[in-house]
Each structure stands twice: as C-alpha cells, then as structure tokens.
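J.: Spelled out, the chains give:
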Amino acid sequence: MIAYHWDFTTVWNNVGYLGSGLLGTIVLAAICLFFGAGIGMALASR
Amino acid sequence: MNYQWDFAVILRSNGMLIGGLLGTLDLTIMTVVIAAPLGFLLSLVLLSRHRTPRFIARCFVDFFRTSALLVLIIWFYFAFPIVTGLRVNSFQAAALALGLQNAAYLAEVFRAGISSVAQGQWEAAKALGLHRVHVFCLVIAPQALRSFAPVLFNVLTEIIKGTALAAAIAYGELSFEASRIASSTYRPLETYTIVAAIYFALIFLLSQVFRRIEMRMAVGGAVR
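As given, the protein sequences belong to chains A and B, one line each in that order.
Residues 135 to 180, numbered by this note's numbering, are exactly what the first sequence covers, in order.
Residues 6 to 229, numbered by this note's numbering, are exactly what the second sequence covers, in order.
It is worth saying that the hints were derived from the structure and are not from the lab.
A couple of the hints might just be wrong.
Simulated restraints on C-beta separations [stated by the list, open to error]:
| no. | chain 1 | residue 1 | chain 2 | residue 2 | range |
| --- | --- | --- | --- | --- | --- |
| 1 | A | F169 | B | Q213 | 24 to 34 Å |
| 2 | A | G172 | B | V76 | 34 to 44 Å |
| 3 | B | A117 | A | I160 | 39 to 49 Å |
| 4 | B | A206 | A | M175 | 24 to 34 Å |
| 5 | B | V156 | A | I136 | 52 to 62 Å |
On the chain B side, residues computed to face chain A include the following (Cβ under 8 Å) [to be verified]:
| no. | residue |
| --- | --- |
| 6 | V93 |
| 7 | A129 |
| 8 | P147 |
Beta carbons: idealized from backbone N, C-alpha and C, even for Gly.
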C-alpha cells in the first residue's frame, strides 16, 4: 500500500469553488437539454 | 478572418496520428472486453429473485452511471493505486474507468432487452422441456438481442468518444496525440479538424457495419 496522508480540509476550505462549479454544470446541462430537446424534436418531426 | 490553413504540416505527423488512432482502438477494444461480460452478468443479477445480490448490483450500476467519466479516469489513475496498493498505468486506469462505467450502462440495456421478451416465451420454451440455459440461449437471447442491438451501437460510439478523455492522464490516444501535434506545429485548428474527421470516419464506418447487421437481424428486413 502506498503511504498517503488524506486531507479533505483543503477541499472543504475551497467548497465555494465547488459550489459555483456545480452551479455552472447544472446551468450548462439545462441549456443543453433545452436546445437538444428542441433540435431533436424538430429533426424527429420532419 | 484571414487565416492561412496549412494541412501539410499536420500530414507530416501522420505517424503520430496513426499511433493515436491505434491507441484509441486499443482502449475501445479493452473497454468492450471489460464492459460486455460484466454488463451481462450484472443484468442477470439485476433480474434475479435474490434481494441482496440484486441490491449490490443496483448500487454498482447507479454509482457508475451517475459518475462523471473524467472524474473516474482521474480517480482510477491517481487514487486507485493509493487505495488498493495496485499500480496501474494510464491505459489500465482509463480501461477500468471506461469499462466499469459502460458495464453499468450495458447492464441496464441488457436488463431492459431481456425484460422486453414476453413472459409467454419463457413459459412456452419451458413447456417444450428445455433447460433454463437453453431457454435463455435459444429463445430469449435472440429476441432480446434484436431489441437492444441499436442501443449497443450507441454505447460503442460513446466508448470511442469517451476514450478522448484518457488524454487527461496522458494516455496516447487520438486526442492526446493531437494536442502534442498542435503544440509542436502551432497549428491547433488544422490538427483538430483532421482529428474530428478521423473520429467521424471511424464512427461512420462502424455505423454502416452496424446498420447492415441490424438489417440482417430485423424480421423481414424492416429497418429503414
């Protein structure tokens, strides 16, 4: 086993960045879903 | 915009592109070798009557289906050796991440395909005196295969495109070689245009092969 000292406090200290990253992921996913569904339905109805 | 396209510089690096393409194919094949049998086994466990193994398989499938592939690849490369003590190179880490995630996807595909076969088919085959294994192999599997064959192609294309994420851990597949060519020639536009064309050609070729197979499998050639 490779010796490694796990330290999650650094992650916890930067939780704001993770939060804004998560928000960006959700917004991007929503936009992709909206346009993807729109274009997909338009193509399927042809 | 005035931009002088120069593909000749990129085509001189064709050895790296071919090496990258082979790396992509290697990783795709290894992923399929891991994902297909594991996905099939998981689908059987998901369909079993025993609650505990079904719960474990459900946890596995849900965990890997909901994980981001890039995060999995990075985790298997950096954290997996620390947690398990097993050393893995970039190919093995990428193959594990891709293989396990696609096994979870395939488990759902196989499970849905097997479930879509009418219960009467099981009963009719059993009434003929066939053993459970024969019922599955001779009666259920051919019908299930027909229903999930188009989805299998989708999963295969996702695997091929997913291999590009292995560039994050410096595995020498097509996208990684492209980034190397782009940084050595200062021609990223031409490099990624060619790489996009290679991905398109590869997946389009496979789609034609799968289309033929699907047409052969369809009852009365009913696939358009």
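J.: All hints, please: hold or fail.
T.: Now the hints, each set against the structure:
no., hint, in the structure
1, F169/A - Q213/B: 24 to 34 Å, "holds (28 Å)"
2, G172/A - V76/B: 34 to 44 Å, "violated (29 Å)"
3, A117/B - I160/A: 39 to 49 Å, "violated (28 Å)"
4, A206/B - M175/A: 24 to 34 Å, "holds (29 Å)"
5, V156/B - I136/A: 52 to 62 Å, "violated (39 Å)"
6, V93, "violated (12 Å)"
7, A129, "violated (36 Å)"
8, P147, "violated (29 Å)"
Checked against the numbered hints listed earlier, the structure breaks hints 2, 3, 5, 6, 7 and 8; every other hint is satisfied.
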